[in-house]
Each structure stands twice: as C-alpha cells, then as structure tokens.
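Here the sequence shown stands for residues 302 to 467, numbered as in my numbering.
These aren't lab readings, by the way, just hints derived from the structure by calculation.
This one's a predicted model, so the numbers in the text were calculated from it and none came from an experiment.
Careful, some of the hints might be misleading.
The following label-pair restraints were derived from C-beta to C-beta distances [said to hold, decoys possible]: (1) D446 <-> T335: 23 to 29 Å; (2) W370 <-> D446: 24 to 30 Å; (3) D446 <-> G349: 24 to 30 Å.
Capping the alpha-carbon separation at 25 Å, the derived lysine to any residue pairs in SDA-like fashion look like this [said to hold, decoys possible]: (4) K450 <-> L419; (5) K367 <-> P386; (6) K408 <-> N305; (7) K450 <-> G411; (8) K450 <-> Y435; (9) K408 <-> A457; (10) K367 <-> I431; (11) K408 <-> P354.
Think of the CB as a built atom: it goes at the ideal place given N, C-alpha and C, for glycine as much as any other residue.
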Amino acid sequence: MRINRSVGLQPVGLAATDIMMGLQTGMIDAMATTPLAALAFQWFRLTGYQLDPGVAPLIGGTVLTKRAWDRLSPEQQRALLATGPATYERLLTEVARSEGEAVEVMKERGLTVTTVELTDPSWLALVNGIADGYRREMIPRDIYDLALKARDEFRAARTGASDGAR
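Based on the provided sequences and hints, a complete structural model is requested.
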C-alpha cells in the first residue's frame with residue numbers, strides 16, 4: 302500500500318468479500334480488478350467506469366521446488382517444459398476473449414469504458430511510479446531488471462514495439 306500512496310493513490314485493503322460493501326458505503330470508489338471478477342461479483346454496477354487498457358493483470362506461473370522437480374521423471378520434466386509455450390499462448394488467447402466478452406456484457410448493462418493513451422505522460426508517471434516502487438521495495442533490483450529486459454525482448458519479437466510502461 303505504501304507504493305500506491307507514493308504515487309498519490311489512497312489504497313484501502315479489503316478482502317474480495319468486502320469490496321461490494323466498500324463500494325456501497327463509499328469506503329472505496331475505485332479498484333483494480335479483472336473484467337471477469339467485476340462481472341462475476343457485480344462490482345461494475347457500483348463503479349460504472351473501467352479503464353482501457355486495464356491495469357489489473359493476473360500474474361501467474363507454475364512454480365515447483367527443486368525437490369519436487371527432481372522427483373519428476375526426465376520425461377515428465379520434458380513434457381512440462383514442452384507444453385509451457387503452447388499453454389501460455391492458449392491462455393493468453395482464451396483469457397483475452399473471455400475478458401472481452403465480460404466487458405461487452407457490462408457495457409450492455411451501463412458500463413462506460415474510458416480509453417487511456419499508453420504514451421500519455423501522466424499515465425506513464427503513474428504506472429512507472431508504481432513499477433519503480435515494486436523495484437525499490439518488493440523485488441530485488443537485479444531480478445526486476447532481468448524481468449524487464451526479458452519482457453521487452455519478448456514484446457519486441459512479437460510486436461516490434463514497446464509501450465514505454467515499465
């Protein structure tokens with residue numbers, strides 16, 4: 302929460318089960334969530350607006366301890382490594398499709414989508430300020446910088462461009 306405060310936001314920590322009450326009482330008036338969650342929990346009915354592009358990516362991965370990895374047979378290890386890229390691509394496509402459908406359903410029910418230009422200086426200041434906070438306070442700098450480098454290389458290979466956000 303300290304990172305969000307450092308860029309001028311006023312975060313309130315709530316469990317997912319308390320967000321509806323927080324919106325109803327005015328305790329919160331904005332949140333970062335996915336379109337699927339906003340639709341499933343009906344939070345969009347009380348907020349009414351959504352940013353495009355979204356700001357709440359779900360980050361995930363399959364993580365194994367070395368001990369668990371070593372217990373897998375070489376064939377199992379190869380299978381996991383071989384299926385990773387295809388699984389990533391499939392999930393990327395399916396999640397994007399599902400989230401797009403969720404946004405359309407919410408728009409039919411009154412949601413207003415506001416577009417933010419990724420190159421807008423005030424937008425970049427906000428998102429880069431948050432990213433810098435993570436780099437400074439939560440993630441070792443060398444690891445963070447390696448992740449950024451890998452991300453930028455991946456994006457360049459896929460699209461030939463970078464959006465300037467960290």
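- Hint check against the structure, violated hint numbers in rising order: 3, 6, 7, 9 and 10
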